[in-house]
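> In this note's numbering, the protein residues as written are 61 to 1048.
Since the hints were derived computationally from the structure, they do not count as laboratory data.
Any given hint might turn out to be false.
No more than 30 angstroms apart at the CA atoms, straight line, and that leaves these computed lysine-lysine pairs for DSSO-like [claimed, not checked]:
| # | residue 1 | residue 2 |
| --- | --- | --- |
| 1 | K796 | K806 |
| 2 | K223 | K233 |
| 3 | K128 | K114 |
| 4 | K233 | K220 |
| 5 | K220 | K114 |
| 6 | K128 | K220 |
| 7 | K233 | K312 |
| 8 | K128 | K312 |
| 9 | K128 | K806 |
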Amino acid sequence: MQTSADRQDRHQYPAHWEADVVLRDGGTARIRPITVDDADRLVSFYEQVSDESKYYRFFAPYPRLSAKDVHRFTHHDFVDRVGLAATIGGEFIATVRYDRIGADGLPASAPAEEAEVAFLVQDAHQGRGVASALLEHIAAVARERGIRRFAAEVLPANTKMIKVFTDAGYTQKRSFEDGVVRLELDLEPTDRSVAVQHAREQRAEARSVRRLLAPGSVAVIGVGRAPGGVGRGILGNIREAGYPGPLHAVNKAFPDGLEEIDGVPAHRSVRDIGGHVDLAVVAVPAEHVPAVVAECGEHGVQGLVVVSAGYAESGPEGRERQRALVRAARAYGMRLIGPNAFGIINTAGNVRLNASLAPEPPRPGRIGLFAQSGAIGIALLSRLHRRGGGVTGVTGVSTFVSAGNRADVSGNDVLQYWYDDPDTDVVLMYLESIGNPRKFTRLARRTAAAKPLVVVQGTGTAPQGHAVRATRLPYATVSALLRQAGVIRVDTITELVDAGLLLARQPLPAGPRVAILGNSESLGVLTYDRCVAEGLRPARPVDLTTGATAQDFHRALAAALADDTNDAVVVTAIPAIGEGSPGDAELAEALRSAAAAVPGKPVLVVHVELGGLAQALSAATSTAPGAPDKAAGAEHGTHPARPSRAGADRFPTAEVGPPSTPTTGRPPAPPQRRPSAEAAGRPPAPPSGPAGEAPASSRDGTRLIPAYPAAERAVRALAEAVHYARWRREAADPGKVPEFDDIDEKGAARLIGELLARGEGLTLSAEHTCELLGRYGIPVRRALPAPGPGAAVDAARALGYPVALKATAPHLRHRADLGGVRLDLADEEQLLRAYTELTELFGRPEELRPVVQAMAPRGVDTVVRAVIDPAAGAVLSFGLAGAASQLLGDMAHRLIPVTDREATSLVRSIRTAPLLFGWRGSTPVDTPALEELLLRVSRLVDDHPEVVAVTLEPVVVAPHGVSVLGATVRLAPPPARDDLGPRTMPAY
């Protein structure tokens, strides 16, 4: 008789358990189930394990595996006995297995919920985080198969394996008996286990990108023999940038005996290179790439930048070619940028790598730059590099990645690297699409808490060839969620650079109060208008007149910065003609010296036809005779030359008194304008945290002032900085998810289980909707069906007058403007008259589906929605019912679970929020009750992911209390939670 052990499985091969993972050192490995075909691989793997590791695994000398052992370790039923292997190049580097056991410790089947687990890692790969990754994956498999606990017995001397278990973050018990440490792990994810997983993910992915951006040696494959061509061009760019490491040129067509090309060692194959190669830049036709990848993998290359085209961007055949490329690279543990990539740049002094098609590398600086498209990458680099005709200056780039098709390395990976990169203060990203919104939002929130993240978000779909869940959320909703995560969302690459340069050069403003000064009354008023339009609080502009000298600018700026009622200063400047008119360099020095006296407030300049001023403002040195025109080391953290003594005498930094009154009269008062609603009230006191904190690029004493050719560009950048600074302050205290004593979580779970047992997904009946919501303290006003006039009268008597009569047919539901609702029906006569009118207007009762409902207190009609998106996660939305939300899209959104502070901000985030707070003398409504309702809906969806959609409409918010008049709830098996599962790379 054949036993279960003699069969390969009781289930089909679980292909969904296969996954690629990034290891602690930045390399990659593939995790997959062990099958009967792996016998030879298992034996070979075991022979490479040291005797000490074998002893730790089996508690006794165990030099080789017997045939019986090999059979047992390769035959699994994928339910009660499971084995996983981590592989590189198709060969095992580690294994893990579990065996389900009963209460007596003997082999068992379901419903037993405990399993013994054991690991074995090849010595050469210990310390790379392989066991930790395997534990995450085997735990996920076990949970899927109904196992809730792992038991492991470990020798006390095996401290590495004990640490793997104890550091995992799971709830655990530890005991010691018979010379063995026994560990029991509860496999249910905890806050700590998820935090540990995310921290490991960040370190691993950051190191994998670091290996690409800071390689110890580089080979360019596909270098042409004749000048020109992509490969030869990239080789030249690397040389000219001053890359200090070993550099090699590779082309299989090189003639025998060719030793150098352009002074670089030449080879016909990567295999011919004597030393190791960390990075290979591949510039060969797509059909030759597979052979190149195999050579690189066999030679131990750590990463690839593939600039070759002809992949997913070219159609179905190219998509398959791209998938094969990624599989081949990952099989050898290599990470990949591209294909169809523009390249990478690292301006760090000890790297100086320009492995890109950019003929001129950007100036060194503190900005990290990511783009998918090469064209966008060129545009961004050009705008940062230019000194005239726009935002200019020497604020440069720390690292640049143009990822092409993003087949492997994506914006998420590079964001992990920039999060703790000490050379990057500001991150700029052009994202044509967001393939994994849930993960990007999580990473963005963490990064934005440490450094500004500015994003242009395209409207594209997921990258070609990626197997990721597509979001069903509208573009505007995803944008709102990004802003909630602290992302500075802009619409164009011009705004991207404008905001980035301000954030890289200046401290964050402590509030929205803006001083405006300059030598043009009209430009000052224009700047004032833009500040009001952006929700800032500008003071009246100070007109220094066109005859203002550099000293006048210096005194005015010093006084504005010293004034505690200002949080930022915008200086406007136009060309002036006259004997005392300042030159560009003199004016720049005046502004810089004044700004240096009060380094905690941002200063911006709006210049008109003063290209020289923009250049001079961006210079890091004095303009005194004999001083260099720029400090070459300013962006490398070295100290630039100090301003000359003469310059200091003319513009003393200690002088912060009021400016002299212009001889032409007093500064004109701007037009009387009402401050925006957001600007009402006094701003918060300057925080001790992010606002007022100087960016790293100015901590060495250099104060670079960004210059803008138009007032609207400067003010828009400043407004984004103000909003971001406020987010940083609020993010420091995100609030809490409140507990409600009257919530019946278990009762709701029981009801959901009973209802789901009837089918895969369903929209609940009115009765079950009211019952489920009621268990979370959300009462819904009863609505009784009225299929005829008599039934309507009976319903009204049961509910009590006054009542409302509503048509609930889909085309009339929530459409009071069409006349399908009659309110305040005080008696039977009015009810019957209204019933007759409805049927005469819209048709028979069976078409109208009329209901009778008791009248709710008058208030503001709102709508509350919650939905679980497969890509972004659970989202709570709020807006006013009717045209505001349906026609204008005036909805605000937050990720679930929502905290009390987030509920408060959600209510106030919509444009029509003033209607809730007494607009034009109306009575303010009960927003605390509304916020509590939002929190209860958030808890319901967070506690029960089977609740995939909730709509409460309308929710009438009265001066006292809220009334839910309509509700729908949809249940379905919950979508998989990528953020709670084991770490994986995008699947192909």
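> Against this structure, judge whether each hint is valid.
The hints, checked one at a time:
no.	hint	verdict
1	K796 <-> K806	22 angstroms, holds
2	K223 <-> K233	14 angstroms, holds
3	K128 <-> K114	17 angstroms, holds
4	K233 <-> K220	18 angstroms, holds
5	K220 <-> K114	14 angstroms, holds
6	K128 <-> K220	29 angstroms, holds
7	K233 <-> K312	59 angstroms, violated
8	K128 <-> K312	48 angstroms, violated
9	K128 <-> K806	48 angstroms, violated
When the structure is compared with the earlier hints, violations turn up for hints 7, 8 and 9 and for no others.
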